[in-house]
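Colleague: The listed protein sequences correspond, in order, to chains L and H. Quick note: the first sequence uses the numbering used here, first residue 761, plus one each step. Quick note: the second sequence uses the numbering used here, first residue 178, plus one each step.
Rather than coming from a laboratory, the hints here were simulated on the basis of the structure. No residue lacks a Cβ here, since even glycine has one placed at the ideal position from N, Cα and C. Treat the hints with care, since some could be wrong.
Calculated lysine to aspartate or glutamate pairs in the EDC-like style (CA-CA distance at most 16 Å, straight line) [said to hold, decoys possible]: (1) K254(H) <-> E179(H); (2) K208(H) <-> E885(L); (3) K212(H) <-> E881(L); (4) K208(H) <-> E881(L); (5) K234(H) <-> E815(L); (6) K234(H) <-> E814(L).
Facing chain H, a subset of chain L residues (Cβ under 7 Å, in silico) [stated by the list, open to error]: (7) E815; (8) I844; (9) N847; (10) V850; (11) A854; (12) K856; (13) S858; (14) L860; (15) A861; (16) H862; (17) V869; (18) Q874; (19) A876; (20) H883; (21) L910.
What the simulated footprint calls covered on chain H by chain L, stretch by stretch (three residues with Cβ under 8 Å from a Cβ of chain L suffice, anywhere in the stretch; the number is not a length) [stated by the list, open to error]: (22) 179-190; (23) 219-228; (24) 247-258.
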Amino acid sequence: MEDYTLRYALLKDIAFLVETIIEAEKSGTDTLSYTTIFGLTQRQTVEALTRILEEEIDGCELSLSSFMIAEKDGKIAAAVGAWIEGNEGVSSTAIKGSLLAHVLPLDAVRKSSQIANVISELHMEVEKGVIQIGLVYVDENHRGKNLTQLLINQHITNSKAKSEALTQVHVQVFGNNIPAIRAYEKFGFKKMKEVRSLSEVITDYLPYHTKIAMMLNI
Amino acid sequence: MEEKINEGLTTIFREVFSEPKLTITNEMSSKDVDKWDSLAHLIMLKEVEAHFQITFKIREMAGIQNVGDLIKIIESKLNDNQ
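Next up, chain H with everything else stripped away, as it sits in the complex (with noise of 0.2 Å):
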């Protein structure tokens, strides 16, 4: 599954941010990624609900730190339809 959510994510990242060759990492947040705004980190988190069929709560979404806390969350949405 982790497999599944980087590729997923990545391909989303590199749409969002404009960078074809982005590589994402557990560490990386908004201060790495020089497109990375709010507007931007908006389309990213519906981009990620969409393609991976799942809807954030608020808290969880408002305690994403980086790159890493994102793929928890998606990890154990996805846990929980299975």
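Same shape as in the complex, but just chain L (with noise of 0.2 Å):
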């Protein structure tokens, strides 16, 4: 390995962090929920980001607490986010949804609610008491290094020192991100649901029309 250093995310990392969200929910399209969803231009979804990571709620996807990042002279390579799902009795579907409330006015959510039922087929409650892999994104520059399961074996490791019960880490992937399913693999994830939206419209709104719930046992 490189000379990578690994640690939580900070407050001057959110930059970082709102292109790692953006890219992860891009998912290797040019399809961004929360353009196509809320009607939000790009620069109100880096200001929407960057106030839900400044008011540091854990828990979700969203939290700024929840990112690692990997650091190459002084320049962040890459950012994986984990948390221990509902650790506080909260479930992150909470959580995330309470931070989205907070930051996005009215008429952007009821612009939603005309799709929210078909979102909602690609749901997957996360599982309680398991660590919930959440948004992943590698600097192309830094891609090939193994970066990301780094980046999780040093999750599993802090987690598992939180709490010994640990048995099992949980990663939702869409299924056109054949990569990531790879990787994922390789590192001994086995495919545990899918789920299938059957909407015609599903992908003017997400990047793709299945999503992978994948385990590791640890």
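Hey, can you piece these two chains together into the complex? The hints should help.
Modeller: Put into structure tokens, the structure is as follows:
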């Protein structure tokens, strides 16, 4: 391994984390759900995500504390989010929804309600008490160096230090993200569940019409 | 007041989660309703704010474990407004 330092993200890293969230949400496509679902511009999306991360609310994919980053020569190379699901008694579903409610105006939210039934077809509730991997992004200059695996391993080590009872790591990926699925399989993850939307408009709003949940025993 | 909150919430929940016969309970949370994802949670919270003319603080919302917690916060905000 080259000289990468792994550490938890700090407030000063928020710009990179916003890029991480946006790129991970796009899953290799041009479809950004914050734009398609809420009608936000790219700039409004960046502002909303920045405000959310600044709140430092733990326990979901939009939590600053969930991210570990790999850094080299003072520059961030990769970020991987993970948390212990339901650790404080609240689901990541509810925490993420609350953070979005805090920053999005009612008219944008009402716009999204027209397609909420379609979006929910790809929802898989996260299991309480597992380590859930959230959003993952590696800067293109640092790919092929196993940074995702290094960061996930560090998340597992840190989570196990908090609770030895943890036995599983889960991750959800869009079905089009074959490189990620292969990488997780190589790492030992097994496919656990797949959900599929039959709606013809789903890919107007999300990167793909299937989502796969994978798990790793630790 | 409890009845008024229950009525309002039932209407909102049935609409947001597309379940016309849904009955809310204090223990109910996202794991109990199929269509309760983060988007539905967001819509539900914004509609609750609009319906009861209240504004949640982020730390109030992020601490809501179930419908019972939500009812308590609404009740306390409506009491403050009186």
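Colleague: All hints, please: hold or fail.
Modeller: Verification of the supplied hints:
1. K254(H) <-> E179(H): Judged against 16 Å, a Cα distance of about 13 Å means the pair holds.
2. K208(H) <-> E885(L): holds, 7 Å
3. K212(H) <-> E881(L): holds, 8 Å
4. K208(H) <-> E881(L): holds, 15 Å
5. K234(H) <-> E815(L): holds, 11 Å
6. K234(H) <-> E814(L): holds, 15 Å
7. E815: holds, 6 Å
8. I844: violated, 16 Å
9. N847: violated, 12 Å
10. V850: Hint holds; V850(L) Cβ to chain H Cβ min 5 Å, cut 7 Å.
11. A854: holds, 5 Å
12. K856: Status holds, d = 4 Å.
13. S858: holds, 4 Å
14. L860: At 4 Å from the nearest chain H Cβ, L860(L) passes the 7 Å test, so the hint holds.
15. A861: Hint holds; A861(L) Cβ to chain H Cβ min 4 Å, cut 7 Å.
16. H862: Status holds, d = 4 Å.
17. V869: holds, 5 Å
18. Q874: Where the cut-off is 7 Å and the nearest Cβ of chain H is about 10 Å from Q874(L), the hint is violated.
19. A876: holds, 5 Å
20. H883: holds, 4 Å
21. L910: With a minimum Cβ separation of about 28 Å from chain H (threshold 7 Å), the hint on L910(L) is violated.
22. 179-190: Violated: only 0 residues of the stretch 179-190 of chain H have a Cβ under 8 Å from chain L.
23. 219-228: Check passed, 7 qualifying residues.
24. 247-258: With 0 residues close enough to chain L, the hint is violated.
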